[in-house]
Amino acid sequence: MNHEKRTIEFYVLAAFFTLFVLFLYGPLSAILILSFQGETGGLTFPLNGVSLHWFANLFERQAVGDFGGSFKRSLVLGIMVMIVTVAVSLLAGLAFRRKFRGATALFYLAIASLVVPSIIISLGIGVVFQQIGFRPAWYTSAFGAHLTWTLPFGVLIMFAVFNRFSPAYEEAARDLGATSWQTFVHVVLPMIAPSLIGVGLFGFTLSYDEFARTLMTSGTFNTLPLEIYGMTTNVTTPVLYALGTVTTVFSFLVILATLGVILYVGRRRARA
Amino acid sequence: MTAALERPAISTAKPARRRRFSIGAVTPYLQSAPLAIILGAFLLLPIIMIVVVSFWDYDFAAMYPDFLTTNYSDVLGSWVTWKTYLNTIKFAAIVWALTLFIGFWVAYFLAFHIRTTAMQMVLFLVCTVPFLTSNIIRMISWIPVLGRNGLINSTLVHMGLVPKPIEWLLYSEFAVVLAMVHLYTLFMVTPIFNTLMRIDRSLVEAARDAGASGWQVLWNVILPLAKPGMAIGTIFVVTLVMADFSTVQVMSGGQSASVALMMKNQMSLLQYPAAAANAVVLLVLVLSMVAGILRIVDIRKEL
Numbered sequence: 000m001n002h003e004k005r006t007i008e009f010y011v012l013a014a015f016f017t018l019f020v021l022f023l024y025g026p027l028s029a030i031l032i033l034s035f036q037g038e039t040g041g042l043t044f045p046l047n048g049v050s051l052h053w054f055a056n057l058f059e060r061q062a063v064g065d066f067g068g069s070f071k072r073s074l075v076l077g078i079m080v081m082i083v084t085v086a087v088s089l090l091a092g093l094a095f096r097r098k099f100r101g102a103t104a105l106f107y108l109a110i111a112s113l114v115v116p117s118i119i120i121s122l123g124i125g126v127v128f129q130q131i132g133f134r135p136a137w138y139t140s141a142f143g144a145h146l147t148w149t150l151p152f153g154v155l156i157m158f159a160v161f162n163r164f165s166p167a168y169e170e171a172a173r174d175l176g177a178t179s180w181q182t183f184v185h186v187v188l189p190m191i192a193p194s195l196i197g198v199g200l201f202g203f204t205l206s207y208d209e210f211a212r213t214l215m216t217s218g219t220f221n222t223l224p225l226e227i228y229g230m231t232t233n234v235t236t237p238v239l240y241a242l243g244t245v246t247t248v249f250s251f252l253v254i255l256a257t258l259g260v261i262l263y264v265g266r267r268r269a270r271a
Numbered sequence: 000m001t002a003a004l005e006r007p008a009i010s011t012a013k014p015a016r017r018r019r020f021s022i023g024a025v026t027p028y029l030q031s032a033p034l035a036i037i038l039g040a041f042l043l044l045p046i047i048m049i050v051v052v053s054f055w056d057y058d059f060a061a062m063y064p065d066f067l068t069t070n071y072s073d074v075l076g077s078w079v080t081w082k083t084y085l086n087t088i089k090f091a092a093i094v095w096a097l098t099l100f101i102g103f104w105v106a107y108f109l110a111f112h113i114r115t116t117a118m119q120m121v122l123f124l125v126c127t128v129p130f131l132t133s134n135i136i137r138m139i140s141w142i143p144v145l146g147r148n149g150l151i152n153s154t155l156v157h158m159g160l161v162p163k164p165i166e167w168l169l170y171s172e173f174a175v176v177l178a179m180v181h182l183y184t185l186f187m188v189t190p191i192f193n194t195l196m197r198i199d200r201s202l203v204e205a206a207r208d209a210g211a212s213g214w215q216v217l218w219n220v221i222l223p224l225a226k227p228g229m230a231i232g233t234i235f236v237v238t239l240v241m242a243d244f245s246t247v248q249v250m251s252g253g254q255s256a257s258v259a260l261m262m263k264n265q266m267s268l269l270q271y272p273a274a275a276a277n278a279v280v281l282l283v284l285v286l287s288m289v290a291g292i293l294r295i296v297d298i299r300k301e302l
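Quick note, the sequences are listed as chains A and B, same order.
So for the first sequence, numbering that gives the first Met the number 0 puts the first residue at 0; every next one is plus one.
So for the second sequence, numbering that gives the first Met the number 0 puts the first residue at 0; every next one is plus one.
Any given hint might turn out to be false.
In silico DSS-like links for lysine-lysine, alpha-carbon gap of 30 Å or less [as the list claims (entries may be wrong)]:
no.	chain 1	residue 1	chain 2	residue 2
1	B	K82	B	K300
2	B	K226	A	K98
3	B	K163	B	K226
4	A	K98	B	K300
Note that these hints are calculated values from the structure, not bench results.
Let the hints inform the model, and build the full structure from the sequences given.
What follows is the structure, encoded as structure tokens:
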């Protein structure tokens, strides 16, 4: 669009942007490095040698609480939340394409779900379960609490996708004799597939990292973020950083894998 | 689900025939039902419950159904609570101003100074990825940087710029604000970037042709058109800061307070009705802020 020469504004802003990226990633790389701290090293620089001691420490059960168990719970919960978020957001997105009574109210309820402070939802669900007489557990109350956080994102994304979706494709498919189910499966679904994968990524990572809403709703067993949150107050060794490195690397792998799938789907569609 | 999904396609083609009675008219209700049920059960019901419980009586062991206003008079009558609310609003204001400034310039750089779409997407992803990793980890990652023997202090001391380590870098209000900006700026970048990308570039060219300088284009064309994105970013940042307890707790080392942290402490003492009264006050405050912002911007149009 603009092919004139780079102005001074560009260089100032480029420097600002670089600083911003350093600000985002700098501290993260600090704990990445410090997680390889030697056995006698502490929570800050300098490194007293390099070792995998703290990673090994992570897997000794008594040292840092229940890392394996909480990771498994967070993983399963994240996948459950992901599946439900994708399905429910897709359905709601389809519903919002048409006018129906209560559409505006439902839309603003979804927005409310995003802006109501997490701790209030946590407290509310905790009290409801207590009054009904159900035991809170990560797969019931925390599952619901996570959905109140992931669904608004999913619904907003689907809303944006269908806002830009031209009905001409569906009309063309129908003119060629496709049934409405065929139209949906062969025309609509492939076109919105990348967005759906994106919604899935949001659903999984938001749930995997969530802890304010899980606080009062996880029941007896902690999820991974709760475990880490507990550690911030009573663990004073680099094992905390090792845990941070492991979960962050896991998050990065999930994101990379998702981007790979999106690219693959896009390329296959381009070839077809 | 099969039946529910195939309907909307038909609807656009033959709207007239479905007027009287058909499954088609029910479809949007069926499609939106899961969302409505989940939000009803895990959002509406809990909030109603909180309002109810905020009028209950309690002691150290349990709560008792009642209709008391003492929980509210305890909240609103205490000077400590007022100070905590003011402190929370102060954090929200400072973090909002900083994230808006940083967020706008980052988004502006991406939208107007990066020339290829591929590069734009790559740089945007670079900004987005940390958002998808754990908040707590990103918070504690400041400890080795800001701590008494952290990177910044040891560098400053080593260079001889300060005689002894600066104490207020970590476990202070400065650390809280810094961590919040670190955590929440992305919520400002994304919506502003989204609105900037949708600005018709010919508007900018027209302004240039009419003799506007770079700053005039920015001030009179781009900035006004970016307002909806700023408003959405503001909703995110303000509500996140108002609801924050973990950043305040971890980064201030217990030296600062926020409303949510006060609630969390009440909850750990099993004073649920007191926490509920606080929750209602906080909820009214946050929702009225959001309602105020929504008067300026129609979110549905911006998506």
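Restraint status (C-alpha distance of A/K98 to B/K300 at most 30 Å): holds, 15 Å
Given pair status - B/K226, B/K163, alpha carbons within 30 Å: violated, 45 Å
Holds or violated: B/K226 to A/K98, with C-alpha atoms at most 30 Å apart: holds, 28 Å
Given pair status - B/K300, B/K82, alpha carbons within 30 Å: Violated, at roughly 38 Å.
When each numbered hint is compared with the structure, violations occur for hints 1, 3.
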